[in-house]
Amino acid sequence: MLYFLISKKGRPKMTLEKEFSLREKKISKTKISLMNEFIRRLETTKFNDISIKDVCDSVEVSEATFYNYFPKKTDLVQYFKELFTLKTIWEVEQKGSQMTPIEKIDLFFSVQADNMPNTNAFYELVSIFTGEKMRNIRLQLSASDKYYAFPDCENIEEMPSMLIEEFLAMTMKQMVKDGSFDIKTKPADIVIGLMAIFVGIPLAIEEKDFVNLKSHYKKQLSVFWKGLGVK
Numbered sequence: 001m002l003y004f005l006i007s008k009k010g011r012p013k014m015t016l017e018k019e020f021s022l023r024e025k026k027i028s029k030t031k032i033s034l035m036n037e038f039i040r041r042l043e044t045t046k047f048n049d050i051s052i053k054d055v056c057d058s059v060e061v062s063e064a065t066f067y068n069y070f071p072k073k074t075d076l077v078q079y080f081k082e083l084f085t086l087k088t089i090w091e092v093e094q095k096g097s098q099m100t101p102i103e104k105i106d107l108f109f110s111v112q113a114d115n116m117p118n119t120n121a122f123y124e125l126v127s128i129f130t131g132e133k134m135r136n137i138r139l140q141l142s143a144s145d146k147y148y149a150f151p152d153c154e155n156i157e158e159m160p161s162m163l164i165e166e167f168l169a170m171t172m173k174q175m176v177k178d179g180s181f182d183i184k185t186k187p188a189d190i191v192i193g194l195m196a197i198f199v200g201i202p203l204a205i206e207e208k209d210f211v212n213l214k215s216h217y218k219k220q221l222s223v224f225w226k227g228l229g230v231k
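Numbering (this note's numbering), first residue to last: 1 to 231.
Hints were generated in silico from the structure; no laboratory data involved.
It cannot be assumed that every hint is accurate.
[Said to hold, decoys possible] Label-pair restraints from in silico Cβ distances: (1) M99 <-> E24: 30 to 38 Å; (2) K214 <-> A143: 26 to 34 Å; (3) Q94 <-> E60: 28 to 36 Å; (4) Q94 <-> S222: 19 to 27 Å.
[Stated by the list, open to error] Listed below are the simulated BS3-like cross-link pairs for lysine-lysine, each with C-alpha atoms no more than 30 Å apart in a straight line: (5) K219 <-> K173; (6) K73 <-> K208; (7) K219 <-> K95; (8) K214 <-> K95.
Idealized CB from N, CA, C, for every residue including glycine.
Produce the complete structure using the sequences and hints provided.
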């Protein structure tokens with residue numbers, strides 16, 4: 001499970017003091033602590049059964065503070081999703097700078113599988129995003145949010161936030177540009193297919209097989225690319 005732990009590692013303290021005010025630091029650290037506690041509970045508890053009061057008591061903040069940062073419980077889940085996606089894209093860009101677009105997409109799925117929440121949390125997250133029709137809702141992540149979520153990820157605070165489908169679409173454009181994509185299928189349709197794999201495979205496999213998600217992604221992506229005739 002990927003938790004966004006506030007650590008003292010990263011860039012020198014003097015650099016941080018110049019970049020973020022005390023208020024920015026406090027807000028981001030509190031939001032991340034609330035999110036971590038909430039997601040931990042989501043691993044074993046249904047979303048609707050999680051008590052905001054209990055979460056706040058654990059983090060030692062008031063409920064008013066929680067709702068000031070997250071007016072709705074689903075806002076906290078969206079916050080998690082955007083940070084989760086940001087971290088994955090950062091890892092892909094770090095490891096895949098010399099990769100082809102297809103290799104980068106395959107790596108994206110591999111990294112996502114490594115960092116995926118446990119089965120209960122994943123099922124709850126899918127239910128929330130489909131039930132609330134909030135897939136395309138965006139939050140404004142601050143630079144301090146990004147930094148304090150991942151203090152060891154160099155320059156991650158400078159990266160723009162992206163939806164998963166936006167990253168895939170951007171990579172598909174690169175495939176067209178470099179000539180590795182020369183079939184009639186529209187790139188937008190391929191992105192839909194990739195999203196179907198991303199969400200569908202975890203739902204299709206048995207819960208006990210969730211530990212092998214990376215392997216399942218790899219197999220299905222191989223079939224997908226071969227079916228398209230992508231070179």
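Going down the list of hints, with the structure as the test:
Between M99 and E24, the C-beta spacing of about 35 Å keeps the proposed range 30 to 38 Å intact. For the pair K214 and A143, the supplied restraint of 26 to 34 Å holds, since their beta-carbon distance comes to about 31 Å. Between Q94 and E60 the beta carbon distance is about 35 Å. The supplied range of 28 to 36 Å therefore holds. In this structure the supplied range 19 to 27 Å holds for Q94 paired with S222, their Cβ-Cβ distance being about 24 Å.
Proposed proximity of K219 and K173 is supported: the alpha carbons are some 24 Å apart, at most 30 Å. Among the hinted pairs, K73 with K208 is consistent with the structure: their alpha-carbon atoms are about 29 Å apart, no more than 30 Å. For the suggested pair K219 and K95, the alpha carbons sit about 21 Å apart, so the restraint of at most 30 Å is met. At roughly 17 Å between alpha-carbon atoms, K214 and K95 fall within 30 Å of each other, so this suggested pair holds.
Checked against the numbered hints above, the structure violates none of them.
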